[in-house]
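Put together the whole structure using the sequences plus the hints.
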Amino acid sequence: MEVRNFFFIFLFYFILLLPLCYAAKPSLESKVALLNQATSQNLGVVELDSNLYDEFVAKPRNYSMAILLTALDPQINCIPCKEFDPEFRLVARSWLEAGNEPSRLYFGVLDFKNGREVYAKLGLNNAPTLFYFSPTTGPYAKDVSEPSKYEFNRHGFSAEEFASYLSGILGTQVPVKRPLNYFGIFITTILILGAIASLKLMYPMMESVIRSKNTWAAISLASVVILMMISGHMWNHIRGPPYVYYQNSQVSYIAHGFSNQFGIESQIVAVV
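With mature numbering (1 follows the signal peptide of the UniProt record, and there is no 0) as the guide, the letters of the sequence shown map in order to residues -23 to -1, 1 to 249.
There's no promise every hint is true.
For lysine to aspartate or glutamate, the following EDC-like pairs were computed, each having C-alpha atoms within a straight-line distance of at most 20 Å [what the hints assert, rightly or not]:
| hint | residue 1 | residue 2 |
| --- | --- | --- |
| 1 | K98 | E184 |
| 2 | K98 | E123 |
| 3 | K36 | E123 |
Label pairs and their computed distance ranges (CB to CB) [claimed, not checked]:
| hint | residue 1 | residue 2 | range |
| --- | --- | --- | --- |
| 4 | L168 | L20 | 28 to 34 Å |
| 5 | M179 | N77 | 19 to 25 Å |
| 6 | P156 | T114 | 33 to 39 Å |
| 7 | N77 | I162 | 26 to 32 Å |
| 8 | P51 | K126 | 24 to 30 Å |
| 9 | M179 | S17 | 54 to 60 Å |
| 10 | K177 | N103 | 53 to 59 Å |
| 11 | G133 | Q18 | 48 to 54 Å |
| 12 | L168 | G133 | 27 to 33 Å |
| 13 | F129 | I207 | 51 to 57 Å |
| 14 | S175 | S141 | 40 to 46 Å |
It should be emphasised that the hints constitute simulated quantities derived from the structure, not laboratory data.
Heads up, the beta-carbon is just placed ideally off N, CA and C, and yes, glycines get one too.
Shown next, in the form of structure tokens:
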């Protein structure tokens, strides 16, 4: 009788705790659904905390994920973090807008203020740090135990360099679609129009100078002097080197070394 009671009590608690076990470890489908929702709501980027980081990098994964560990708090003043953050988000937005398969690649950001536990667990003492997690199951699965670390010193901080790195891993093109710089276009247009207007206003005053033979004579003389200087004519005048060099019935026109030259070299440079 006691054994039967013990069995029923054990079964009761097992059934009671079973839903909690499933809740503690979300299914792969629920993770993908959560990633898709967060991606669509935040221009392709999933904002993480320590719990979400552990949840999304946990195996199994039928998706790839690039996670940027950064520190954007003004008190920390991480200049590289501020430099790379918009480039990372640009690649994420470009990937989303290109209409690629959502679960092929996700982009996550974990700021230090939201992920101190992760920083401590990974032993990180600098930022930014970027990890790429390959899928562990599905058609794109790779047999790797550790994530790939993006080397900023090697690849750089630009969106194009980061996209090229991802393209090499995924085997498919990761696009970068930069928005038009309307302010830059506006400023350039104003400067060009201003330069044209200035030339038009100044031309009547400068016309006599431009048409003057003395002006062009001075320009020609200055050009000759410049050519003489850069071709080494003054060096020839001071050092008096041979015009060419004869050795074993062969003629050398170019002298060896950094501080030597023949006379003909000045003429060659001037002609070029």
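Now for the hints, and whether the structure bears them out:
no.: 1; hint: K98 <-> E184; result: violated, 74 Å
no.: 2; hint: K98 <-> E123; result: holds, 15 Å
no.: 3; hint: K36 <-> E123; result: holds, 12 Å
no.: 4; hint: L168 <-> L20: 28 to 34 Å; result: holds, 33 Å
no.: 5; hint: M179 <-> N77: 19 to 25 Å; result: violated, 54 Å
no.: 6; hint: P156 <-> T114: 33 to 39 Å; result: holds, 36 Å
no.: 7; hint: N77 <-> I162: 26 to 32 Å; result: holds, 29 Å
no.: 8; hint: P51 <-> K126: 24 to 30 Å; result: holds, 27 Å
no.: 9; hint: M179 <-> S17: 54 to 60 Å; result: holds, 56 Å
no.: 10; hint: K177 <-> N103: 53 to 59 Å; result: holds, 56 Å
no.: 11; hint: G133 <-> Q18: 48 to 54 Å; result: violated, 30 Å
no.: 12; hint: L168 <-> G133: 27 to 33 Å; result: holds, 30 Å
no.: 13; hint: F129 <-> I207: 51 to 57 Å; result: violated, 41 Å
no.: 14; hint: S175 <-> S141: 40 to 46 Å; result: holds, 43 Å
In this structure, the earlier hints numbered 1, 5, 11, 13 are contradicted, and the remaining ones agree with it.
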